[in-house]
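A.B. asks: Sequences listed follow chains A and B, in order.
In this text, residue positions in the first sequence follow the working numbering: the first is 1, and each later residue adds one.
In this text, residue positions in the second sequence follow the working numbering: the first is 117, and each later residue adds one.
Keep in mind that the hints were calculated from the coordinates and are not lab data.
For each residue, glycine too, the CB sits at the ideal point set by N, CA and C.
Check the hints yourself; a few may be wrong.
[What the hints assert, rightly or not] Ranges of calculated distance between the beta carbons of each label pair, as one might list FRET restraints: (1) A/A1 with B/T123: 24 to 34 Å; (2) B/Q180 with A/P116: 26 to 36 Å; (3) B/M131 with A/E52: 22 to 32 Å; (4) B/S213 with A/Q8: 27 to 37 Å; (5) B/E117 with A/A97: 23 to 33 Å.
[Claimed, not checked] Chain B is faced by these chain A residues, among others (derived, beta-carbon under 7 Å): (6) F68; (7) G109; (8) R111.
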Amino acid sequence: AQTVTQSQPEMSVQEAETVTLSCTYDTSESDYYLFWYKQPPSRQMILVIRQEAYKQQNATENRFSVNFQKAAKSFSLKISDSQLGDAAMYFCAYRSAVAGAQKLVFGQGTRLTINP
Amino acid sequence: EPEVTQTPSHQVTQMGQEVILRCVPISNHLYFYWYRQILGQKVEFLVSFYNNEISEKSEIFDDQFSVERPDGSNFTLKIRSTKLEDSAMYFCASSLSSVTKGTFFGQGTRLTVV
């Protein structure tokens, strides 16, 4: 079974600075998808960014980018120019690419605080 | 922008009672899910539903849980006899057949069992 580990329960960063959230995963599969979700105080789960394992190029979405290291099974999220609205829980998630396997496996989450 | 909607936003029920949580997935999506999040813990997969049947379920999804798509738009989760430990946030989600668009979540239903 696949597992996802986020080793940083909490992180904080100054507004306008850059922060990196760590995520590692364990799988025996070669093809899969990785995601970062944001959960603000409203507790809704919001998709931030996704990465296909077969792509070597790291995904980017505006101020959000990932560092995907397939051999190391590492998938970190970098937030540039941090804003107060970025404060939230961030969850890393794994999804198999096997046909019919659609569930997401989540990490424990990292609570990000933005200091003004 | 299309979104997944869930009702109610908060449900309080007495232990032993049955509850039904309701969801309207994004209209052109084909896969539907329920996840739960106990306060302070990670999000856990319960069940996935495709082509009018369960495609995958976790060990959490025991006989007290059931899902249904009674019409072309709603997707429900029923808990037959609630227990205190069922108190959690329940998220409905949906996705297209292609994973490249990701899985989209509703705003959640907070279930409190007293």
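A.B. asks: Determine for every hint whether it applies to the structure shown.
C.D. replies: Going through the hints against the structure:
1. A/A1 with B/T123: 24 to 34 Å: At roughly 33 Å between Cβ atoms, B/T123 and A/A1 fall inside 24 to 34 Å, so the hint holds.
2. B/Q180 with A/P116: 26 to 36 Å: At 46 Å between Cβs, range violated.
3. B/M131 with A/E52: 22 to 32 Å: About 44 Å separates the Cβ atoms of B/M131 and A/E52, which means 22 to 32 Å is violated.
4. B/S213 with A/Q8: 27 to 37 Å: Once the Cβ atoms are compared, 34 Å apart, the range 27 to 37 Å for A/Q8 and B/S213 holds.
5. B/E117 with A/A97: 23 to 33 Å: About 26 Å separates the Cβ atoms of B/E117 and A/A97, which means 23 to 33 Å holds.
6. F68: It is violated, given that the least Cβ distance between A/F68 and chain B is near 15 Å, above 7 Å.
7. G109: holds, 6 Å
8. R111: Violated - the Cβ of A/R111 stays beyond 7 Å from chain B, reaching only about 10 Å at its closest.
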